[in-house]
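For the protein sequence lines, the chains are A and B, in the order given. Heads up, the first sequence stops at 287 in my numbering, and the numbers go up one at a time, no gaps. Heads up, the second sequence stops at 914 in my numbering, and the numbers go up one at a time, no gaps.
Treat the hints with care, as some may be off.
Across the chosen pairs, the derived CB separations fall in these ranges [claimed, not checked]:
| # | chain 1 | residue 1 | chain 2 | residue 2 | range |
| --- | --- | --- | --- | --- | --- |
| 1 | B | ASP822 | A | GLU81 | 45 to 53 angstroms |
| 2 | B | ARG745 | A | ILE5 | 58 to 66 angstroms |
| 3 | B | ARG768 | A | LEU270 | 33 to 41 angstroms |
| 4 | B | LEU602 | A | GLU81 | 45 to 53 angstroms |
| 5 | A | LEU154 | B | ASP822 | 37 to 45 angstroms |
| 6 | A | ILE108 | B | ASP779 | 23 to 31 angstroms |
| 7 | B | TYR589 | A | ILE108 | 24 to 32 angstroms |
| 8 | A | LYS82 | B | GLU778 | 30 to 38 angstroms |
| 9 | A | TYR48 | B | ILE874 | 18 to 26 angstroms |
| 10 | A | TYR(-1) | B | VAL720 | 27 to 35 angstroms |
| 11 | B | ASN614 | A | LEU270 | 48 to 56 angstroms |
Output of the computed footprint for chain A on chain B, the stretches with three or more beta carbons under 8 angstroms from beta carbons of chain A [to be verified]:
| # | segment |
| --- | --- |
| 12 | 622 to 628 |
| 13 | 705 to 719 |
| 14 | 793 to 806 |
Just so you know, these hints were derived from the structure itself, not from any lab. Beta carbons: idealized from backbone N, C-alpha and C, even for Gly.
Residues per chain, in single letters:
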Amino acid sequence: MDNYYIMQIINGLAQGSIYALMAIGYSVVVGVVGLVTFTHGEVIMLGAYAAYYTFTFIGENIVLGMLASFLAAWLVGVVVYKICYEKFFDSPRHIPLICTIGLSMLLKNLAQIIFGPNMKAMPQPINLKFYNISGVRINTIQILIFATVLVLSLGLYILNNKTRWGIQLRAVSQDRKAAALMGINVNRTTLIGNSIGCSLGGVAGMLLSIYYQSLVPTMGGILGLKAFSSSVLGGLTEAPASALGGVLIGLTENLGISVLSNSYRDVFAFVFLVLVLTIRPQGFSRKVVGRP
Amino acid sequence: MIENVHRKIKAFYERHSIKVNIILILISILLPYIINSNYIVGILCRVLMYSVLAGSLNIINGYSGQFNIGHAGFFCIGAYTEAVLATRYGWNFWLLLLIAGIFTSLVGFLISLPTLRLRGIYLAIVTLGFSEIIRIIALNWTSVTGGPMGVKGIPSPIFLGIRISGSSRYYYIFLALAILFIFITNRVITSRIGRAWISIREDELAAKSLGVESSFYKSINFMYGAFWAGVMGAAYAPYYKFIASDMFTLDEGFNILSMVIIGGQGTLVGPFVGSLIVNIITEVFRFAAQYRMVVYAILIITMMWLRPQGLVGAYDSILAGNRARRKLKRKPVKVGDK
Chain A
-4 MDNYYIMQII NGLAQGSIYA LMAIGYSVVV GVVGLVTFTH GEVIMLGAYA AYYTFTFIGE
56 NIVLGMLASF LAAWLVGVVV YKICYEKFFD SPRHIPLICT IGLSMLLKNL AQIIFGPNMK
116 AMPQPINLKF YNISGVRINT IQILIFATVL VLSLGLYILN NKTRWGIQLR AVSQDRKAAA
176 LMGINVNRTT LIGNSIGCSL GGVAGMLLSI YYQSLVPTMG GILGLKAFSS SVLGGLTEAP
236 ASALGGVLIG LTENLGISVL SNSYRDVFAF VFLVLVLTIR PQGFSRKVVG RP
Chain B
577 MIENVHRKIK AFYERHSIKV NIILILISIL LPYIINSNYI VGILCRVLMY SVLAGSLNII
637 NGYSGQFNIG HAGFFCIGAY TEAVLATRYG WNFWLLLLIA GIFTSLVGFL ISLPTLRLRG
697 IYLAIVTLGF SEIIRIIALN WTSVTGGPMG VKGIPSPIFL GIRISGSSRY YYIFLALAIL
757 FIFITNRVIT SRIGRAWISI REDELAAKSL GVESSFYKSI NFMYGAFWAG VMGAAYAPYY
817 KFIASDMFTL DEGFNILSMV IIGGQGTLVG PFVGSLIVNI ITEVFRFAAQ YRMVVYAILI
877 ITMMWLRPQG LVGAYDSILA GNRARRKLKR KPVKVGDK
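Could you put the whole structure together from the sequences, leaning on the hints where they help?
What follows is the structure, given as structure tokens:
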């Protein structure tokens, strides 16, 4: 009995780590662009497919898979920026929002046409081994997930806080016009920031499809919602708090299915979101919610 | 240019509204006899049904600027309410239209509560999540909804002793509901409530400072839109005689949203135009159904780039974006003006 709950907690942490990576990417996008997006789920899905085709045609090398999903998501990020954001920064915010909905529909349906609508089995680039650490079983896939998420999060932290470019990114996040006055190339910074957020989402997509051993073109919708839910928990534009939100949602899901049926697992994330919005709209953040 | 045509048509309609209305209603009533094709009347039924569905979404998105993209959830609740109560308890169809609408609007009220204090963006995500929650519940709550197998054998409505079944007769139910929706909604839109909604859409802060209780009117707006989605769900269920949860996916919500965005937001006629266009696309692309959503998506993006308010949307509102407003403001300066 105790072992079962510990196992679910480990599962929750692993899944939550992936959600955390998705949420970090999402909050970077929202922070730098200043607009929420509906395309993040599709970016995650395309990252997964990039890894899938790399494993299938080039070889089951985890590093190549990560590079492929990272780069594919980066490219999609550029496309999203060009179509949905670049000319709409001074427009009412519902217009780019609807644009991202349209692009999300487009990407999903094109993926169904190009990749086929059926579920595919994800090649497993890492041999599945189990380790016993003081009575707790953990496997290589979970270790891969924890390691990848930690490395990427640390990398993003260093980029944001220890480099000149990161300072520019944070300046643009805070105030686009003031940043422009300070001589920062706002458009290029926004484009790259958006692409970085998307790339993190792409890697998360790869990790998730390895974890679930499968991928399907329609997986993006639910994942986008979970990325947003995690981000909302973290106050929407704060990456560390969003990461915590992702972990919490992963835990909520896995412990939730201990109580109810597995069929309801996706409901928990959204019920959780509604509760948070009702009780504490700013999530973990101490800031009062302004205009998202 | 299109705005000028729009204005002229509008002016013409306003001058001859009673005659135009009568003629349009007569044409609509006679259409099944003129066309005399079950296939085309079936398409007309879909157009009418989706017109009201898109119209009810437009009430929320187009008139008060809230952002609901999970409208399929309300549609689902209405359909299941009618289906379950009709098959299990044999309740009367006409009564069930009202019951389904009211029940769905109550759910709409509950959905609007968590986000009253927040901007519409959160509402967009919550409505999307809500739509998926409803579908998952309908899929798994087997004891009530029949689970994956859905609800079968939904009885047809009876009117003056006549069983209404098949598209040529059911057309008149959809037509009556569409006319009723337009009539009531027009009255609401031109009332104090409608003006409050529009002021919230244009600038909520300014509306509040002028005394508009925005939380109250946003909740009412959501309930009103949900009500009509529930009614159309209730009308939809006996028409098809069978409903299952996969009829009400996120794709269905996006489908309805497509009609509003393409046809036009913030006007009564927009969703009807959108429904017509999208359903025609559906039929034209039936041979390649997988490309249908691609076409919708491209149309949405194109519309946002070129004409954010939609084909016949409210061109002088915030829905049109800043460019349209700047155009309106720029007028030639006459010689001699101060």
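Original post:
Checking against the hints above, which ones are violated?
Top reply: Violated hints: 1, 6, 7, 8, 12, 14; rest satisfied.
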